[in-house]
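Asker: Sequence:
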Amino acid sequence: MTNDVHELIPKTVTLVRQWLETAERIPVPSAAAQLAGMLKDEAGLEFVVGFVDEVVRPEDLAVAAHNLSRIGKNPPNFLGWHLKLAVRLGALLAPAAPKIVIPIARKVLRKMVGHLIVDATDSKLGKALTQLRKQQVSLNLNLLSEAVLGETEATRRLEGTKKLLARDDVDYVSIKVSATVAPQQRWGFEETVTDIVERLRPLYQIAVSAKGTKFINLDMEEYKDLALTMEVFTRLLSEPEFTNLRAG
27 MTNDVHELIP KTVTLVRQWL ETAERIPVPS AAAQLAGMLK DEAGLEFVVG FVDEVVRPED
87 LAVAAHNLSR IGKNPPNFLG WHLKLAVRLG ALLAPAAPKI VIPIARKVLR KMVGHLIVDA
147 TDSKLGKALT QLRKQQVSLN LNLLSEAVLG ETEATRRLEG TKKLLARDDV DYVSIKVSAT
207 VAPQQRWGFE ETVTDIVERL RPLYQIAVSA KGTKFINLDM EEYKDLALTM EVFTRLLSEP
267 EFTNLRAG
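Numbering-wise (our numbering), the sequence shown opens with residue 27 and increments by one.
Honestly, the hints are just simulated from the structure, not real lab data.
You can take every hint at face value.
With a cut-off of at most 25 Å between alpha-carbon atoms, the simulated DSS-like pairs for lysine-lysine come out as follows:
id : residue 1 : residue 2
1  : K66       : K99
2  : K110      : K137
3  : K150      : K137
4  : K188      : K202
5  : K66       : K137
6  : K66       : K250
7  : K133      : K150
8  : K153      : K133
9  : K153      : K189
10 : K160      : K137
11 : K133      : K160
12 : K237      : K160
13 : K160      : K150
14 : K99       : K137
15 : K237      : K189
16 : K188      : K150
17 : K237      : K153
18 : K189      : K160
19 : K99       : K110
20 : K133      : K66
21 : K125      : K150
Given only the sequences and the hints, what does the whole structure look like? Please build it.
Answerer: And the structure:
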């Protein structure tokens, strides 16, 4: 058996080299290249999410301008020198001219990441999902929002995700366990798990009672949330009503 494995190594290396050479000859779509650059940059994803939450979302242009003046001071490198310069200039001018700067800033961001971010309002989401599915892609929806600092935002995030999953045109959602409750003390681990399980159970009930297949993914950004996420996930899927539910 060992000899057979060793004999496969040269063939495997040759095959992988062929794949890499073929991949290099395939043109990379600009959107894919931009996404790769954003994810490689340590500050890239944080900048985009922060921009969406604090500059695009606020209805008050003065609030958005104030946020842009703070966020735009140190734009990430993946933007390139010309966009970094534009962001810094926008950050400088936004407080004085929010009605001019903010609409331009929002338009530029939508052009950059429009293939990744869609408006989740009822009037626009359905049309956006239809257009995306024409590209024959699977969609994993994750609500962007402000950091969860209290019960109000935690409830809003969870209710928004439940509303998404209940739609006939949505079959996959992600949510962070840490986003379902206000910040918890680490020494109250058992109480926190019980609380989150109670909060998430209705979301899983939506999935298990749906006519079609719906998938819930428990997401996390930091290693410190691993134990909490695993325990919540295990307890939920151990409940009898979720025995046949696929989740991640």
